[in-house]
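Protein chains in written order, with our numbering: chain A, 187 to 469; chain B, 187 to 469; chain C, 35 to 592; chain D, 35 to 592.
In case anyone wonders, no lab produced these hints; they're calculated from the structure.
Built from N, CA and C at the ideal position, the CB exists for glycine as well.
Hints should not be assumed to be uniformly reliable.
Said to hold, decoys possible - Below, computed lysine-lysine pairings styled on PhoX-like, alpha-carbon distance capped at 20 Å: (1) A:Lys462 x C:Lys254; (2) C:Lys398 x A:Lys462; (3) D:Lys254 x B:Lys462; (4) A:Lys417 x B:Lys411; (5) D:Lys212 x B:Lys466; (6) D:Lys400 x B:Lys460; (7) C:Lys400 x A:Lys454; (8) B:Lys454 x D:Lys434; (9) A:Lys460 x C:Lys398; (10) D:Lys254 x A:Lys311; (11) A:Lys462 x C:Lys434; (12) B:Lys454 x A:Lys413; (13) B:Lys417 x A:Lys413; (14) A:Lys466 x C:Lys398; (15) B:Lys466 x D:Lys398; (16) B:Lys413 x A:Lys411; (17) B:Lys417 x A:Lys417; (18) A:Lys460 x C:Lys400; (19) B:Lys462 x D:Lys398; (20) A:Lys460 x C:Lys254; (21) A:Lys222 x C:Lys400; (22) A:Lys222 x C:Lys254; (23) B:Lys460 x D:Lys254; (24) D:Lys400 x B:Lys462; (25) B:Lys222 x D:Lys414; (26) A:Lys221 x C:Lys434; (27) B:Lys466 x D:Lys254; (28) D:Lys434 x B:Lys222; (29) D:Lys400 x B:Lys454.
Claimed, not checked - The following label-pair restraints were derived from C-beta to C-beta distances: (30) D:Asn488 x C:Leu509: 50 to 58 Å; (31) C:Phe132 x B:Leu195: 23 to 31 Å; (32) B:Thr391 x C:Asn401: 53 to 61 Å.
Unchecked claim - To be clear about the criterion: a stretch of chain D counts as covered by chain B if any three or more of its residues have a C-beta under 8 Å from a C-beta of chain B, and this derived list gives those stretches: (33) 280 to 291; (34) 296 to 306.
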Amino acid sequence: MSQSVFPNLETAWCPGCGNHNILSALKEALIVLDKKPYEVLVVSGIGQAGKLPQYITTNGFCGLHGRALPPAVAAKIANKNLTVIVNSGDGDSYGEGGNHLIHTIRRNVDITHFVHDNQIYGLTKGQASPTSDIGHVTDVQPNGSNNMPLNPMLLAIVLGCGFVARAFSGNQEHLKAVMVEGIRHKGYALIDILQPCVSFNKVNTYQWYNDRVYKLGDDYEPENKLKAIEKAMEWGEKIPIGILYREEKPDFHAKIDFLMNGSPLVDKVIDMEKIKEFMKDFR
Amino acid sequence: MSQSVFPNLETAWCPGCGNHNILSALKEALIVLDKKPYEVLVVSGIGQAGKLPQYITTNGFCGLHGRALPPAVAAKIANKNLTVIVNSGDGDSYGEGGNHLIHTIRRNVDITHFVHDNQIYGLTKGQASPTSDIGHVTDVQPNGSNNMPLNPMLLAIVLGCGFVARAFSGNQEHLKAVMVEGIRHKGYALIDILQPCVSFNKVNTYQWYNDRVYKLGDDYEPENKLKAIEKAMEWGEKIPIGILYREEKPDFHAKIDFLMNGSPLVDKVIDMEKIKEFMKDFR
Amino acid sequence: MIYNILIGGAAGLGMETMAFILEKILKRKGFEIFVTQDYMSRVRGGHNFFQIRFADEAIDSHGDELDGIIALDKETIQTHLNRLKADGFIIADEEIDFRDARLYSLTLKSTAKTIGNSKVFGNVALGAVLKLFNLDFTGIEDVINEKFQGEAAPQNIKAFNEGYKLVPEKYAIQAKRKDDQILINGSEAIALGALAAGLKFYSGYPMTPATGIMNYLAAKMNEAEIIVEQAEDEIAAINMAIGASYAGVRAMTGTSGGGFALMVEAIGLSAMQEVPLVIVEMQRPGPATGFPTRTEQGDLKFVIFSSPAEIPKMVIALRDPEDAFYQTHRAFNLADKYQIPVILMGDQFLADNTRTVSPFDFSKIKNNRHLSQQIYSETKEYRRYEITDSGVSPRIIPGKMPGTRVLTESHEHDEYGHITESGTIRNKMHDKRLRKMIYLKAELQEPIFVGEENADTLFLTWGSLSNPVKEAVKLLNSRGKDRYGALLFGDIWPLPDKLLTEKGKGVKRLINVEQNATGLFASLIRDCTGIQCDSSILKYDGRPLSSQEIVSRMKGGE
Amino acid sequence: MIYNILIGGAAGLGMETMAFILEKILKRKGFEIFVTQDYMSRVRGGHNFFQIRFADEAIDSHGDELDGIIALDKETIQTHLNRLKADGFIIADEEIDFRDARLYSLTLKSTAKTIGNSKVFGNVALGAVLKLFNLDFTGIEDVINEKFQGEAAPQNIKAFNEGYKLVPEKYAIQAKRKDDQILINGSEAIALGALAAGLKFYSGYPMTPATGIMNYLAAKMNEAEIIVEQAEDEIAAINMAIGASYAGVRAMTGTSGGGFALMVEAIGLSAMQEVPLVIVEMQRPGPATGFPTRTEQGDLKFVIFSSPAEIPKMVIALRDPEDAFYQTHRAFNLADKYQIPVILMGDQFLADNTRTVSPFDFSKIKNNRHLSQQIYSETKEYRRYEITDSGVSPRIIPGKMPGTRVLTESHEHDEYGHITESGTIRNKMHDKRLRKMIYLKAELQEPIFVGEENADTLFLTWGSLSNPVKEAVKLLNSRGKDRYGALLFGDIWPLPDKLLTEKGKGVKRLINVEQNATGLFASLIRDCTGIQCDSSILKYDGRPLSSQEIVSRMKGGE
Ligand SMILES: Cc1ncc(C[n+]2csc(CCOP(=O)(O)OP(=O)(O)O)c2C)c(N)n1
Ligand SMILES: Cc1ncc(C[n+]2csc(CCOP(=O)(O)OP(=O)(O)O)c2C)c(N)n1
Ligand code: SF4
Ligand code: SF4
Ligand SMILES: [Mg+2]
Ligand SMILES: [Mg+2]
């Protein structure tokens, strides 16, 4: 890995945090894809995961908590030449930002979304997140979390997402490979990355994940939706990682002629004569 | 049906609108369940569907667009003796309010949610809604809606909803029966009601639905999740109506002793001595 | 002469089409037109109406007194009869059972049936109206042919013809000049202004009375090659617009008060990230859902003080369609120049009401993106938040310069966009952002002054009430007793105070005229200038304040 | 005597525990305590610190000058050395390589290792501190035993003992009285105030610095039998609270500026539906994400003018934990009495900082729900929005009275809650709602006046700066030259203006003291009263303004 392209910057993450590996894997994936930093835009919300754009020398947009997807989608619409990647937390993506997730999947803009899923709110010091297991005790959930945990893989598959994958920050090589596939996918791709939070999640630790995750075999066919759904339901003793579901379909840009063809929106020259013509409607 | 319990009030809905039947079915369902108006609370957001609490003599809470679920859930927590029903549109429930839907399902409070799904924004005069079919042309979608339509049944099932049903406002008898079951269900129940909008949806008309809907047979077993998912994927030439999925599980109240037992929260007397005792922590 | 005609009935009876046709015909004949729309938040039934005011002279307001009523139901007559002039007229179908000397009870429906298309009865009525005004047939066919296809076109023309025969001539009015105007409402003018500014991305969520902007833009999407995206909610809408603007295209979002409420967090983001943004806020009466289809100016302070913390922002109130076009265009230039959110405030009165104006002059406007012309590289480092005297840092489009990154942050940050915890840097950055307000003050447009110099009474008003107040000043001054003037504010934040201080001196009475209950603008003026209004003319029943009502309120012991 | 000790180091090194133990010990000995916390928005690393100020007399502020530094790393010494008094002390482990005459370089870590628990090194340091102050051992064991379980308890006691041996005595201070105080921060006091008011439902979404309230309430959930629900977002949080309140329980939500931004639509709903609601807004520096863990008062106008349209609402700024307790309680009574949203404003300085106060007196407070005592039925109809002189309509709990419905609406509505399109009813309802503001004015608490009568200089401040300003006035007056006074505002909207008008007269200088950049409170005062401040003391670097800084700014040519 060429350090000069993506130098190591100082982070504010805890030593041992799963985020470090995610950052490294992302840099490696971009090198595999031969992306220059200036061609890439990393977008985030707010949280520990949300600090990632600070630590990589690509373009970066750190927005509001829960609101990473809308600006990411719009930036891609504005400039299709940008490789747009979202890095955000589970609270950010599935909690505060849940509505954008649903509708971004439906919109199918060609961006890649990495959810750093530590099953906890890290930055705000350890409240339950939408993916926290039932019974997970925190300061705000003294009786343990009561809500059914959200299964982002299932959700994405049934909403029609064309690329649905899970990875584990403890397996950086595999993570990188999945990232590369996700970024290559034409359309919205969701990768939920199991990410141990060593400071606040004392349940879902490295050990816990290590005991459970297994890679989907080569015989697994991610094109079969019902099978994918069945596979995505696995959570507990065994947790599959890899590409759970994959489907090629036209992305947002493919459906709009003038976006698909010619220069990116940002570079298109406006024909003022055409606009003037519109006044005729009002005669 | 006793007109004196639920008198007919004047509505602002268009003649022929599918909402009329939904209102009638709801009144009938409440009579079947022997609910007095004052024991029931109907909550809504804003939209044509959202006007329903105005037209029934139960308690009514007309809130903000997209925000029907949070107050409904809280009202039930505050007073478990209330039968809490939410009536709201597809835009309201799946668009603006999408995040609340996801998390209300996870929370599993014992309320019933009727979505008047006309696959369009009625009150604001006909923009695409999250359930609009691909290609549906409107003023704002001149090229036709591009987004993959949201399948609320699938979504609810995979999120762990314990009662997931579809009905058609053109079949009031069946609708009523499903409503009765939904209200009886202990926990959050979602019923998506196909509701023709005669003014703005010229695609999904009475005829369109009539040609497609069919009742789930007696042999259909709504307890099998994978089967339910398969069934819920049916949309197009054939559209199943009835209870697609059903699962008994503890609701929100069942997990919290003091809510479950004794009088409703609203009637509990606060023990001020206990509160005073809390000051000891700070000595 | 000015005439005022009302078309009323239940929603769904076709008033929109009737009003559209009558407006167009009158406009093509060279009249000045001012049309107001009054509609309920429902799709069928209820009571809605249009008021078409037309004249052979300039008009700047709607009117309350009616010359004619076209009644599609009895309720229309009953509701509006008290406003009908003694020598006015009513046109209604013979089936409507009502007694009034002014009523022409006509065979509208049966005539339509004879023509073979029951829908054309409205144009039978319009034919009668044209006859009453003794207006000839020229131009009618064109309008009808533009509106209707196939056999409906000749049927509708026939309807006009038949209607023409049903009544005698009553008035004589002739337009003074050839038609060279456009007939446009506020929503369309805003949309056109944005297009003229080079808008490429509009994200919004439907909300009355802001939906008209999105509708117009969407209709032009393919031709203009712009993206109009219906977002899942207003939060997504504004955050999308910010993302698009960050990526380099001009972007806008629009909504009404309730939706704007959901946007205020992101307005702070735009200010913090220094990403230019134009937001349209179309007011309606609130709080909460309120009166969705009616008008008010109750959001003034809410909008001016929107966003947590202290941020640079500009707020411009739009006066009328013409102003809306030019100011929307200006908003984009200002947003780009200062890298701030610029908020355009309108209301239902502005959005929905149509009037004649001169075609917009594209030669008067110029688009300036204010992008940095510097070439940055690894050696000449780019600092997104470089601290400068003006508070504005060099802006470049991300993805264009190898070796250069554009890092934009929501946390407090240093010149590079890196998160900081330093108090010293915080002070510098906060100062830098707020410094823009100083320079922005030099950009301000003073309010328009109308009326007599050395007025005894000076009205202060803002936004869409400008024209009614202007007309009221004219009417009041024509009475000859006292001298009246008015300051019509467009820019309201920061508040331009020069003309106000100058004109305010020596005036006997300062009266704020506002479409709200508590006099928000007067309070803003007091806050910003110390100047205190002596009394107020306020209206907040959701109906627009007319020049006539202002005048009559002045009579009423004001 | 007042002493000020700083404990500093990287996040995660255990400063919280050290500060907690030292505070408790000093408090149990009968000292007055004031503790401030300075932390970064990260979990490990960086630089955080606590300042523990304690005294044998009343103290109302933190201080900048330090008597002692307990340094867990070298950065701590370097960062704070300039504030250390010439005769102060530093305690650090011998491994920290630094030269200063005041440094006690101690065997903290090796001592801990010898004890058999490397974590206890902090208490070795605290033992040394106690020795320096010549404070005896009484009470220490209790505090340790309350905090630690199992073998950690004796180990920590041992650590104290060993630390005690490492340094000589240096100071002599003795508390004047027996300990009868509580040591509490603003978040906990607000939570307790709410519980004392009978809170039964709290919904919130985590956001610094408001999370402390939710944490405390959640810890008491089972004992108090209340529901604390973590919502999916702030929009859900406030709409839940409204639903719970509608259904009859006292409900509250809390957040900081960014989250509050998402709540403003529903604040309008609460006002429109006339559902009582208490909202806590804990400020931090913005805009956008800003400085998440720091303090500011930049949201004043944003909060006061939150919600589209014009609504009745009350805003109370909390001064300190004691005030927070009583005012939170009062907020619930006022919300119920007027059926309005009441907003409590605090900030990070209030939320996180701990001080000694007298135990809250429950006998002073009374809960009044202001529910209607009337029995309604089908014959005696209930009108949720009955128009009354006070603007307040009878409120009943839904689901209790057969034959009676409670219909609450977000649209404009009539007395029954039915949607209306009538302008007349709109006027009546809007007037009714806004009328509450008149009656609310009679409830207002005037600001607290401190300092000398006939002051030359009058400070105006609000909320959490009250105590620093109070202490500054004391310090300034003790210099004897000029006379200083201050008005410390708690109620800020509607703004109580009697005392301000009275005291403002004849004063030479009016100075607003605020934790923001543009003097928002001064502007509010100008708007509401016409009174203009002469100068300002402002601070907006995220760090709290201390009495000492105010005094020194007054020297600086103020
Ligand atoms: C509107 C808003 N609400 C709340 C917050 C506070 N906040 C910051 S990060 C965060 C949650 C972080 O959790 P997650 O997204 O899982 O990220 P992690 O820190 O675990 O990586 C919250 C609630 C905020 N900044 N803005
Ligand atoms: C915050 C907010 N945004 C937008 C609106 C405008 N609005 C009212 S109803 C509605 C959509 C209605 O569609 P749906 O929920 O499907 O209900 P329907 O009218 O079709 O029954 C919208 C966008 C609003 N009232 N509030
Ligand atoms: S708190 Fe958890 S998520 Fe945050 S940096 Fe530390 S280990 Fe990582
Ligand atoms: S517009 Fe559509 S949904 Fe609304 S009342 Fe009419 S038919 Fe029903
Ligand atoms: Mg997380
Ligand atoms: Mg709908």
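Verification of the supplied hints:
no.	hint	in the structure
1	A:Lys462 x C:Lys254	holds, 12 Å
2	C:Lys398 x A:Lys462	holds, 13 Å
3	D:Lys254 x B:Lys462	holds, 12 Å
4	A:Lys417 x B:Lys411	holds, 13 Å
5	D:Lys212 x B:Lys466	holds, 16 Å
6	D:Lys400 x B:Lys460	holds, 16 Å
7	C:Lys400 x A:Lys454	holds, 17 Å
8	B:Lys454 x D:Lys434	holds, 14 Å
9	A:Lys460 x C:Lys398	holds, 17 Å
10	D:Lys254 x A:Lys311	holds, 19 Å
11	A:Lys462 x C:Lys434	violated, 30 Å
12	B:Lys454 x A:Lys413	violated, 50 Å
13	B:Lys417 x A:Lys413	holds, 15 Å
14	A:Lys466 x C:Lys398	holds, 18 Å
15	B:Lys466 x D:Lys398	holds, 18 Å
16	B:Lys413 x A:Lys411	holds, 13 Å
17	B:Lys417 x A:Lys417	holds, 18 Å
18	A:Lys460 x C:Lys400	holds, 16 Å
19	B:Lys462 x D:Lys398	holds, 13 Å
20	A:Lys460 x C:Lys254	holds, 10 Å
21	A:Lys222 x C:Lys400	violated, 36 Å
22	A:Lys222 x C:Lys254	violated, 36 Å
23	B:Lys460 x D:Lys254	holds, 10 Å
24	D:Lys400 x B:Lys462	holds, 14 Å
25	B:Lys222 x D:Lys414	holds, 18 Å
26	A:Lys221 x C:Lys434	holds, 14 Å
27	B:Lys466 x D:Lys254	holds, 13 Å
28	D:Lys434 x B:Lys222	holds, 11 Å
29	D:Lys400 x B:Lys454	holds, 17 Å
30	D:Asn488 x C:Leu509: 50 to 58 Å	holds, 55 Å
31	C:Phe132 x B:Leu195: 23 to 31 Å	holds, 29 Å
32	B:Thr391 x C:Asn401: 53 to 61 Å	violated, 46 Å
33	280 to 291	holds (count 5)
34	296 to 306	holds (count 3)
In summary, the numbered hints that this structure violates are 11, 12, 21, 22, 32.
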